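Colleague: So the chains spell out like this:
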Amino acid sequence: MAKSNSSPKPKYAIESVNLSVHYGDFQAVRDVNLKFEKQRITAIIGPSGCGKSTVLRAFNRMNELVPSASTTGKVLFSGQNIYEAHVDPVEVRRRIGMVFQKPNPFPKSIYENVAWGARINGFTGDIDKLVEGSLHSAALWEEVKDKLDQSGLSLSGGQQQRLCIARAIAVRPDIILMDEPASALDPIATLRIEELMRDLAKDYTIIIVTHNMQQAARVSDSTAFFSLAEDGSRAGMLMEFGKTQGMFTNPKRKITEEYITGRFG
Amino acid sequence: MSVKSKNSDAFSADQQRRHRLGHAWLVFFQAATVVGIIALMALLLNIINSSFGFVLLEDTVSRESLSPSGVALEDLSRDDLVTIFNDNVSTGLFTRYEREKPFQQRTQADVYALVIDFVVEPEIKEQWSLVDSLLNRDEIQAIAINEHPQGHLEFRNWLDWDFVRSPQSSFVELAGVRTAIFGSLWTIAIAILFAFPVGVGAAIYLEEYAEDTFISRIVQTNINNLAGVPSIIYGILGLAIFVRALEPLTSGSFFGVADPLTANGRTILSAGLTLGLLVLPLIIINAQEAIKAVPNSLRRASSGLGATRWQTIWHHVLPGALPGILTGTILAISRAIGETAPMVVIGASTFIQVDPSGPFSKFTTLPIQIFQWTARPQDVFRNLAAAASLTLLIMLLTMNASAIFLRNRYGKKQ
Amino acid sequence: MQISNSAKKQEGTQVDLRGKPRMSEFLIQNFLMLCGLLSIVITAGIVFELGKESLLFFGRQQWEQSNKVLTQDLALADSQIHLDTVGSQLENGDLLRIDEEMLLVLDAGSTQIEVERAAQGSQLAAHNQGSEIEIASTVSLLEFFTGIDWNPQIGKFGIWALVNATLMTSLAAIVVALPLGLATAIYLSEYASQRARSALKPILEVLAGVPTVVYGYFALTFMTPLLRTIFGLERVEIYNTASAGIVIGILILPLVSSMSEDALSAVPNSLREAAYGLGATRLETALRVVVPAALSGIVAAFIVAISRAIGETMIVAIAAGAGSSFTFNPFEAAETMTGHIVRISGGDLSYDSLDYNSIFAIGLMLFLMTLSLNIFSQRIVRRFREVYE
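Just so you know, the protein sequences line up as chains B, E and L, in that order.
The first sequence begins at 1 in this note's numbering and counts up by one.
The second sequence begins at 1 in this note's numbering and counts up by one.
The third sequence begins at 1 in this note's numbering and counts up by one.
Just so you know, these hints were derived from the structure itself, not from any lab.
Errors might be hidden in some of the hints.
Ranges of calculated distance between the beta carbons of each label pair, as one might list FRET restraints [unchecked claim]: (1) L:R197 <-> E:R409: 20 to 28 Å; (2) E:R17 <-> L:P292: 17 to 25 Å; (3) L:V175 <-> E:D379: 25 to 33 Å; (4) L:R197 <-> E:R17: 25 to 33 Å; (5) L:S265 <-> E:P197: 29 to 37 Å; (6) B:K74 <-> E:R17: 25 to 33 Å; (7) L:E64 <-> E:V131: 47 to 55 Å; (8) L:L56 <-> E:R217: 31 to 39 Å.
Below, a sample of chain L positions facing chain B; criterion: calculated Cβ distance under 7 Å [stated by the list, open to error]: (9) G209; (10) A266; (11) S270; (12) L271; (13) G277; (14) L278; (15) G279; (16) A280; (17) T281; (18) V289.
Predicted model only: the values in this text are computed from it and were never measured.
Virtual Cβ for every residue (Gly too), placed ideally from N, Cα, C.
Chain B on its own, in the form it takes in the complex (with noise of 0.2 Å):
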């Protein structure tokens, strides 16, 4: 992806421009227009089926898995539209990392599964050194420094979820999207977790999805709040997008409020 010198450095880590995505005749969010400043953590929070995973898919191109879904609009990143036909989809999600629900590690060994990404990306340098750099921006060295080559999967759910966030950061990507990381967890490692996003904050710009508002309250810089058209097309819709702390004590949109009160949702 080639850097182009003549514009000035952009101001947000990624942005979005009358982001749309359809599967098939189905159109599941719309219009979404968004910017996300760096190193700052933004939540995505709404009800459940408002499409926050699938705004958070189109932000690395991985909607693209499913065969019928396809993107309108533009997405922002590096000063490039990331939807063009010259830019190679595997190259953005090496730059624009993504962390699931449900803790997936490879079936491999603790270092591979963070070494993995290096290697096929074609990393140059000092591969162990990567590793032992990953884990511990991960929070997770001290407690695997001993048992590297022990299968991944060997680990409690907390563990290899932070297993799984080191191997994001092993490729060294500039954004990393979170889709709701700590929901298949209990309180403690998600406290851990939470704590370990704002750590990583200091390096790396965040996006979040998160159906748990206080958590959302507690994390994240800003907030986009994502709920369904109120045409009645079931279309995700941005809502409102402001600093997390104004739109909770004082939302601007009335949907917004009922939302955050518990009216629905």
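Given the coordinates of chain B, assemble chains E and L onto it according to the supplied hints.
Modeller: Okay, now just chains E and L, sitting in the frame of chain B:
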């Protein structure tokens, strides 16, 4: 310790190579898939190619010499033809056909056909494949005229109704697979008669009654292993037990129906029982799957109403599993029909012309026939083998199609 | 589960919940159990019959010419025989036969042997000059397993000729079927669209359903001429193991591909997503995540296919050749274990001959080979499945 670095030079950007590699492997994968299809096409075309084509026939006895008055043979009256037939064949053959259906009741065309087959006796001098026949028609006709002026060229469907209806014969022109087909059907019938109840019974026992003990696990592993035993081993087992050890039973002498001079254990009964043993593991495993698929809620509902275990099975589980069991049985039959090695070891006869009359008859099966014809070096036997193979494939296709039809029609009801 | 059906509700009467014996249930259950146990009987039968006849095979005497000819007449009372010095070695304890009389060698010299006459219940007889001496031998296990020639006519019972031919055809089959089958499975599971898959899978099923005798015909009438065209008429014999082996490969290819595809499809999609999320191409995901994850199932598929190839009979009987010969050249004819069994039993077979017993000895070997492979494959699946989940 932060590993943050926007320096993407740490990753060598050889996307081109990775994508090219991916594309190359994709081509390989597709090619591999295509190989199987090509092989199947080659097989079918090869068989079809040998099943139809021109043959050059020369009459052993010329037609003119039989019909003295200058009238063409085919225009003679039925009675004249009967006389010619009588004069030129052995009494035995004449009486045989007379007994089968009296000549007075036969049509002229019928008697004419007999005269052609047994008196005129056209002999095949050369044969060509279908491709040859279609593409090199002129050349073939030239050869016919130049090298065999007495003969005539005919396009022959090696697989036609006559082929299916005629018994084996030492005359290639007349040979058919009738006895073989009957033999196959008889052996399959006996095999299923034995294997179906026993197999389904075993499956019911394993799924509904047996506790998860050491013994039952051994039985299960044992069945899985038996399914993987080469079929020739079953043939050897059948030879030792059914043909040899149980000879009085399988030859029919115990029941007093066998001719003491020629009776031995190499009968349809032995063959059928051997095939039955062979397909038994398949039927069991299949029936087990079908029974497993019946939801437990059904069983609980039934026993909740006070039904005994067997009542639950008979009235609820079996009907639900029946389509799956039947499909599996049909597949087992398809497998058994194609089995050759065990039949050879059991001792299928190499040349029978008489239809089997019962379980104690000597037998031959369709695959055995194909085997024998294939093993003969003369070219003309290729055609017979091809036609017989085509017959076998058509039988199998019908059976599998009905299995799929059953599966689709009743599987959805679950 | 037995619930009494006599729970009558009567005021003041206690409900009778005792179980009544149900004869039919009992009978049915036991009948079904017998059906289940029948499989054990079958296996026992196989092992027993193969074992028994194999023992007969190894214990049976066969007579071969000792190349020694009596150079003197033997009267009824003589117990010393004068021999040529040329011929097979005679040792103390050997059993000899001259015409119908069996003699036991008590002391064997170079030109003179001392014998016990009418040993083993045969009749004393006078023997003329020029009578030939036959020596008894049995097939020893050592000879069976180390001999290279299988030629019963001349008393050679080394099984390696047959095993070698079996291995050669199986090797050719493996080389064809395993890579192509796995590649097909990867294509169907990781690349093909739903439409392509539903079109291709039935074709492969048909391929798997073709009877082996038809494959044999195909090998002889298509594959062999093809090989002869490619490699030359002089190099490729009409019967050869390469042609049979390749067609066996085609036979087992659908087996490999469908079992491997099941294994690949069983790998959860979340693993593929994780790989894509790291910026992997489809190939890298398929080969470096999915295939390793499905490895136990794939290996099991391979082993089952190998076992099938070893036990294959008709294709080799038709196309590989009759009459055993020990050769590493795939373009030459050679008889496999299964081909030999078919040829022997297809001919005139008397029940008390060495040939008849040899069927069982070879069959026993075949049974043990395939059984151990099948057990091995089941073990692998069980062991590695735990590690994966």
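Colleague: Does L:A280 hold up as a contact with chain B if the rule is Cβ-Cβ below 7 Å?
Modeller: 5 Å, holds
Colleague: Should the hint that L:T281 touches chain B count as held when the rule is a Cβ pair under 7 Å?
Modeller: 5 Å, holds
Colleague: Report holds or violated for the interface hint on L:G277, using the least CB-CB distance to chain B and a cut-off of 7 Å.
Modeller: Since the shortest Cβ distance to chain B is 4 Å, the answer is holds.
Colleague: Could one say that the CB atoms of L:R197 and E:R17 fall in the range 25 to 33 Å?
Modeller: 29 Å, holds
Colleague: So does L:S265 sit 29 to 37 Å from E:P197, Cβ to Cβ?
Modeller: 35 Å, holds
Colleague: Regarding L:E64 and E:V131, is the given constraint of 47 to 55 Å on their beta-carbon distance met?
Modeller: 53 Å, holds
Colleague: Does the closest beta carbon of chain B sit nearer than 7 Å to the beta carbon of L:L278?
Modeller: 4 Å, holds
Colleague: Per the CB criterion, is L:G209 less than 7 Å away from chain B?
Modeller: 31 Å, violated
Colleague: Hey, does the L:A266 contact hint survive, CB to chain B under 7 Å?
Modeller: Where the cut-off is 7 Å and the nearest Cβ of chain B is about 12 Å from L:A266, the hint is violated.
Colleague: Could one say that the CB atoms of L:V175 and E:D379 fall in the range 25 to 33 Å?
Modeller: 32 Å, holds
Colleague: Given L:S270 was flagged as interface, is its beta-carbon under 7 Å from a beta-carbon of chain B?
Modeller: Status holds, d = 4 Å.
Colleague: Cβ-Cβ distance between E:R17 and L:P292: within 17 to 25 Å?
Modeller: 22 Å, holds
Going down the numbered hints, you'll see the structure goes against 9, 10, while the others check out.
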